[in-house]
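Chains A and B, in that order, give the protein sequences.
The first sequence: position 85 = 85 (our numbering), numbered continuously.
The second sequence: position 152 = 152 (our numbering), numbered continuously.
For the record, the hints were derived by calculation from the structure and aren't laboratory data.
Among the clues, some could well be false.
Claimed, not checked - Pairwise CB distance ranges, derived in the manner of DEER restraints: (1) 115(B) / 70(A): 42 to 50 Å; (2) 154(B) / 268(A): 50 to 58 Å; (3) 258(A) / 58(B): 36 to 44 Å.
C-beta atoms are modelled at their ideal positions from N, C-alpha and C, and glycine is treated no differently.
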Amino acid sequence: MNSKKFEVAAYPKMWEGLGMDVARFDKARQMLGEVYDKLFLSQTERPRKMAYFDAMIAEIFGGRIKEILAVKKSAKPVVGTFCVYIPEEIVVAAGGVCIGLCGGSPGSIPDAEKILPRNICPMVKSAYGFKAGRICPYFQVVDFVYGETTCDAKKKTWELLDRLVPTHVMEIPQMKRARDRALWLEEVKDFKAKVEDICGSEISEDNLAGAIRLINRKRLALQRLTKLRANIPAPISGKDALLIEQIAFYDEPERFAAKVNELCDELAERVEAGRGVAGPESPRIMVSGTPMALPNWKIHNLLESAGAVVVNEESCIGTRYFKDVIDENGGSMAEQLANLTDRYMRIDCSCFTPNDERVEQVLREYRQSKAQGILHYSLQFCHTYNIEEIKIREACEREAIPYLSIETDYSAEDTGQLQTRIEAFLEQIGD
Amino acid sequence: MAIGIDLGSRTIKLAVIRDGEIVDQQLTESGFDPYSQAREMLKRYGAAKIVATGYGRHLAHEHFADEVITEIKAHALGARYFFPFCRTVVDIGGQDSKVIGLDKKGRVSNFQMNDKCAAGTGRFLEIMAASLGFSLNDFGAAALKSKTEVMINSMCTVFAESEVISMKNRGIPTVDIARGVHHSVVNRLAAMLERLGYDEEIVFSGGVARNPCIGHMLQKCLGERARIISPPDPDLMGAIGAALHGSR
Ligand code: SF4
Ligand code: SF4
C-alpha cells in the first residue's frame, strides 16, 4: 500500500480560476499530503474501507470541488457555514451544497492576524485567514457564508468577513425558552428565504422532506459508527473516526452515508471476530469539548501515539452533530420547519445558558462508549467551553472518572508539555 | 538492582536502588549531548533494569532504557519513598512546575501543570537571576535578605525580564527585585495548589526546592493550612521514583 507515496491531488488551473493564491496553496497541499501519510497511512490494522476516505482527502482540493462547481453551474446554492446550528437540510432541499468551513490549520493564522486580534479562538482566525489569504478552494466556491451569533469571536468576525465574501448572520438565541424558540424559527425561515433567493424557486414540502430523510441517514450512519467504536477492542482508531466526522462536513451526503455504512459493515465483522486496532489493554479515551476542524488531529495523534485509543468525540465535529435526528412525520412546511427547529434546539453547545444537558450528555457518552477517562479539549480563548469545563470537571470528580483538561491552539510549541500530561493521564488510568 | 535516570532540561539525575535502598546517585549537567552524557553515567553499573523519565525519556527509551514513566509518576513514587503518607507533591523543574495529588495508595489521582510559558519554572528563576547578576545558587538566599518587596506584574518571562531590568535601572535594590521574582513564582504555585486542592503535608521536590526562598515564601503563603517538607535531595526525586518503578 505504501509503495506509492500519498499525495493530495493538484488542480492549479481550476484553483487559478477560483482566484486562489496558487503558489502558496500548492505548498499547503503538499504538506497536507505528507502529514496525512505520516499520521494516517502508517497506522496498522486499518479497516480496508478507509480507502474511500483516503480518496476524499486526496481529492479534497480537486475532485470534490469539481462536483460542487457542477452543482453551482445549475444555479443551485453553495453555502458555507461555521456552526452545526445552521440547518443544512434547507440547502440540500434546494438542491444545493452546504459546506462546513471551520478552519483547523495554523497555516492560515498569520493571514488572519494581519487584521484580527491575536488573542481570539484559533478556529476563527484559521477560517478567516483562509479567505483573506485565498488559500481555501471551498471558501472561493461558496455563493455566500451563513454565520451565526453563537460566540463573540465569530459574531464580530462576520462583520469583517462580509467585506471579503457575502456573509449573512443567523441570530441564535442564548437560552432555550419558548420565546427563544419562536425567534429561532423565524431565523430558520429567513435562512430558507435566502437560499430560495439564490436558486430563484421555492423549496417544496417534498423537497424538504427528502432532504430531512437524507441528512437523517447521514447522521444515523455516524451514530452507527459511534456505537461500533464502543466495542472492546475498538475496531477503528480515533484518528480515522475523527477524520470521517470531519469529512462529513464537505462530502456529498448520500454517498458519504453509504460509504460510512460500508465501513460499518466491515467494522461489524471485525467486532464479530474480536479484532481491533489496539490491544484490549490500551486505555480508552473519550474526547469532549470544542470542535476539531480539518486538519486538526493534534490531540488524537498525541493520545494514540502514547498508546491510547480514542473512542468518542463529544464535540460538534463528533456526536453533537449527529446524536439527534429530525422527526420525519411532518407533513406541511410549517410542521417540518417546526420539527427541524426542535431538533436543532437539542444541540447542547456551551454558548447556551444554562446548558446542563451537556454535562449529562458527556456522562452518558462516557458510559456508552465504555471509555476509561475523559480528556476535555478547549481551544485557547474559547470562553464558553473553557468556563463550562469547570462543570464537566466537577461531574467527573463526582463520578470518579479520570479526567484531564487541555487548553491549546494549533501550534506545535506545547507538544512536549501535552505529551507529558497525556502520558501521565494514561499512567493514571493504567495504575 | 534498578536504575532510574531523569533526563531533564538542565541536568541529568540518576539513582540506583537495590533491595529497596538507594545505593548510589549522580547528578550532572545535561551539556550539549545529553544522550552521551547519560551513557557515561551508566557505564559503571552492570546489568540492571533502566527506567527513564524527564524530557529526554523517549530518546533514552530508543537507545538504552527498558521502560519510561512520566516525571509526574516518578515524582509521586519518589515522594512516597521518603514520606509514605503524603498526598500532595509540588515539583518545580527546569521547564515546568506541577502539583500532583495522590490517593491513599500513592497513585496519582490528579495533577496540574503550568501551560506553555516558562513563568513559574526553574528556567524563569534562572533567567531572572542572570539579569539581576546572581548565580542561581545564591539567588534564593539573596532574596531572603530583602525586607521590602516589589511586585512583578508580568506573567510572561520575556516581559518580566524587561520589567526587572527597568526596575534595576530605576535603582531599586536587586535583593528586593529578587524577592519580587520569587513572589511571582510562589503566587503561581499557590494558585495551582488551590485549584487542585492539597493535603496538610506538601512534599516539595525538584531542583527549585533547593532554593530556600521559594519554600519559605510558599510556607508563609499557606500559613497554618499546610506544612512544606522536602527530601534530602529534592532534585533526585524523579530519578529515585523511576528506579523504584523499575524495582517493583
Ligand atoms: S461549538 Fe457551538 S458555536 Fe461552535 S460549531 Fe458547535 S454549536 Fe456552533
Ligand atoms: S471554539 Fe469557542 S471561541 Fe472558537 S468558534 Fe467555537 S465557540 Fe467560538
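Query - Ascending list of hint numbers which this structure does not respect - result: none
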